[in-house]
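When you get a sec, could you build the whole thing from the sequences and use the hints?
If you're matching them up, the sequences are chains X and V in order.
Numbered according to the numbering used here, the first sequence terminates at residue 162, and the numbering increases by one at each position without gaps.
Numbered according to the numbering used here, the second sequence terminates at residue 162, and the numbering increases by one at each position without gaps.
It is worth saying that the hints were derived from the structure and are not from the lab.
Hints are not guaranteed to be accurate.
A few chain X residues facing chain V, derived, Cβ under 7 Å [said to hold, decoys possible]:
#1 VAL13
#2 PHE15
#3 TRP23
#4 TYR75
#5 SER108
#6 ILE121
#7 THR135
#8 GLY138
#9 TRP143
#10 HIS157
#11 ALA161
Result set (DSS-like, lysine-lysine): computed pairs, CA atoms no more than 27 Å apart in a straight line [claimed, not checked]:
#12 LYS82(X) / LYS160(V)
#13 LYS41(X) / LYS82(V)
#14 LYS160(V) / LYS92(V)
#15 LYS160(V) / LYS80(X)
#16 LYS129(X) / LYS92(V)
#17 LYS80(X) / LYS94(V)
#18 LYS160(V) / LYS94(X)
#19 LYS40(X) / LYS146(V)
#20 LYS94(X) / LYS80(V)
#21 LYS134(X) / LYS80(V)
#22 LYS160(V) / LYS92(X)
#23 LYS82(X) / LYS40(V)
#24 LYS146(X) / LYS40(V)
Covered by chain V, per the in silico footprint, the following chain X stretches (three or more residues, Cβ under 8 Å) [to be verified]:
#25 49 to 57
#26 86 to 100
Please read these numbers as outputs of a predicted model, since none were measured by experiment.
Ideal placement from N, C-alpha and C gives every residue a C-beta, glycine not left out.
One letter stands for each residue in the lines below.
Protein chains: 2
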Amino acid sequence: MQSGLQVRPVLRVLFAVAVLVGWLVATGVARPAEEDDKAKKAVQEVLDSQQAAWNKGDLEAFMAGYWKSDDLSFYSGGEKTKGWQATLDRYKKKYQGEGKEMGTLTFSELDISIANADNAIVRGRWQLKLKDGKTASGLYTLWFRKVPDGWRIVHDHTSKAD
Amino acid sequence: MQSGLQVRPVLRVLFAVAVLVGWLVATGVARPAEEDDKAKKAVQEVLDSQQAAWNKGDLEAFMAGYWKSDDLSFYSGGEKTKGWQATLDRYKKKYQGEGKEMGTLTFSELDISIANADNAIVRGRWQLKLKDGKTASGLYTLWFRKVPDGWRIVHDHTSKAD
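Here is the structure:
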């Protein structure tokens with residue numbers, strides 16, 4: 001009992017220090033730079049795979065970068081699309097429908113910001129080169145979350161240049 | 001010394017538990033619902049203030065919702081604006097320039113998602129009613145961070161309906 005009483009203040013200080021360390025690490029104040037680099041690399045790989053899949057005309061593979069959930073959200077041109085399947089259907093209609101083409105997609109001006117251990121914001125520019133030589137382009141903002149499958153886009157806001 | 005040796009395993013377990021608790025709380029796995037509610041309320045207040053400021057024609061007050069930093073980013077219509085001052089200048093030019101008007105702004109369909117203790121994603125629709133009865137509208141995605149001044153928009157992606 002006596003030894004317990006002597007030890008208690010030490011325990012309290014240690015507990016406080018430990019909670020603080022846990023907190024600092026988890027909030028990213030003390031997040032190791034290597035973890036951020038690892039996360040950035042994982043996000044970059046998702047984007048690279050998406051670009052490659054698009055340019056092979058493989059929309060299903062392109063969609064692998066998105067969170068496979070009914071809560072996926074996609075904003076473009078004033079319209080909201082909700083859910084993974086609806087987003088795939090939108091892409092199919094817009095780029096594989098009659099008289100449509102997928103063109104050649106290029107992502108550029110990428111900025112990958114790791115907000116914390118499981119959230120990232122990605123900003124970039126897209127460009128679509130069509131067969132007739134015309135191009136369309138614009139900007140996008142992606143919210144990535146680390147879900148059980150890995151880093152996935154949970155919200156996409158894509159807009160077109162005026 | 002002997003008492004120290006007896007205590008050590010207890011300390012180790014306590015330390016591990018404390019780090020775990022700190023981690024869970026900070027990553028949000030164990031984030032109290034009240035903290036999320038508090039954060040949501042704070043973000044909502046920023047948006048309410050912005051809407052009110054706009055409708056008084058007070059662009060400086062409207063800009064108070066944005067992070068006062070050269071790293072603020074604003075995406076719209078394929079164009080990037082970098083920095084608080086440049087964003088204010090853009091708004092002035094676009095809505096207070098010759099022959100321009102600010103109109104009446106309404107935010108709707110708000111979705112405030114608290115990602116963790118200092119990051120939030122806000123999605124919504126904007127509508128601008130002009131004197132001649134015409135309206136413009138579109139969607140926006142805002143990345144809010146909790147900075148020393150409070151919750152502020154650090155990135156804004158606003159797009160117009162086609």
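Taking the hints in turn, this is what the structure says about them:
A least Cβ separation of about 11 Å between VAL13(X) and chain V goes past the 7 Å threshold, and the interface hint is therefore violated. The restraint placing PHE15(X) at the interface with chain V holds, with a minimum CB-CB distance near 5 Å, inside the 7 Å limit. A distance limit of 7 Å between C-beta atoms decides the matter here; for TRP23(X) the minimum to chain V is near 4 Å, and the interface restraint holds. Annotation: TYR75(X) was flagged as interfacial toward chain V, and the flag holds, the nearest CB pair being 5 Å apart, inside 7 Å.
The interface hint given for SER108(X) is violated, since its Cβ lies 12 Å from the closest Cβ of chain V, which is over the 7 Å cut-off. The restraint placing ILE121(X) at the interface with chain V holds, with a minimum CB-CB distance near 5 Å, inside the 7 Å limit. Given hint, THR135(X) at the interface with chain V, is violated; its Cβ is 12 Å from that chain's nearest Cβ, farther than 7 Å. Interface hint status for GLY138(X): upheld, as the beta-carbon distance to the closest one in chain V is roughly 5 Å, under 7 Å.
For TRP143(X), the shortest C-beta to C-beta distance to chain V is roughly 5 Å, which falls under 7 Å, so the interface hint holds. With 7 Å as the threshold, the beta carbon of HIS157(X) comes within range of chain V, its nearest partner Cβ sitting at about 4 Å, so the hint holds. Interface restraint check for ALA161(X): the shortest CB-CB distance to chain V comes to about 3 Å, inside 7 Å, so the restraint holds. Between LYS82(X) and LYS160(V) the alpha-carbon distance is near 19 Å, which keeps this suggested pair within the 27 Å criterion.
Restraint check: the Cα-Cα separation between LYS41(X) and LYS82(V) comes to about 25 Å, which is no more than 27 Å; the hinted pair holds. At most 27 Å may separate the alpha-carbon atoms for a hinted pair to count; LYS160(V) and LYS92(V) meet this at roughly 18 Å. Taken as a hint, the LYS160(V) and LYS80(X) pair is honoured in the structure, with Cα atoms around 12 Å apart against an allowance of 27 Å. Under the criterion of a C-alpha separation no larger than 27 Å, the hint pairing LYS129(X) with LYS92(V) is inconsistent with the structure, at around 34 Å.
Taking the CA atoms of LYS80(X) and LYS94(V), the gap is about 26 Å. The hint holds against a cut of 27 Å. Distance hint between LYS160(V) and LYS94(X) is fulfilled; the C-alpha atoms sit about 18 Å from each other, no more than 27 Å. For the hint pairing LYS40(X) with LYS146(V), the CA-to-CA distance comes to about 22 Å; that is within 27 Å, so the pair holds. Simply put, LYS94(X) and LYS80(V) have alpha-carbon atoms about 26 Å apart, close enough for the 27 Å limit, and the pair holds.
For the given pair, LYS134(X) sits about 22 Å from LYS80(V) by alpha-carbon distance, which is consistent with the 27 Å threshold. Between LYS160(V) and LYS92(X) the alpha-carbon distance is near 23 Å, which keeps this suggested pair within the 27 Å criterion. As the CA atoms of LYS82(X) and LYS40(V) are separated by approximately 22 Å, the hinted pair is consistent with the 27 Å bound. With a CA separation close to 22 Å, the supplied pair LYS146(X) and LYS40(V) stays within the 27 Å bound.
Counting residues of the region 49 to 57 of chain X whose CB falls under 8 Å from any CB of chain V gives 0; the rule of at least 3 is not met. Counting residues of the region 86 to 100 of chain X whose CB falls under 8 Å from any CB of chain V gives 0; the rule of at least 3 is not met.
Of the numbered hints stated above, those contradicted by the structure are hints 1, 5, 7, 16, 25, 26, listed in ascending order.
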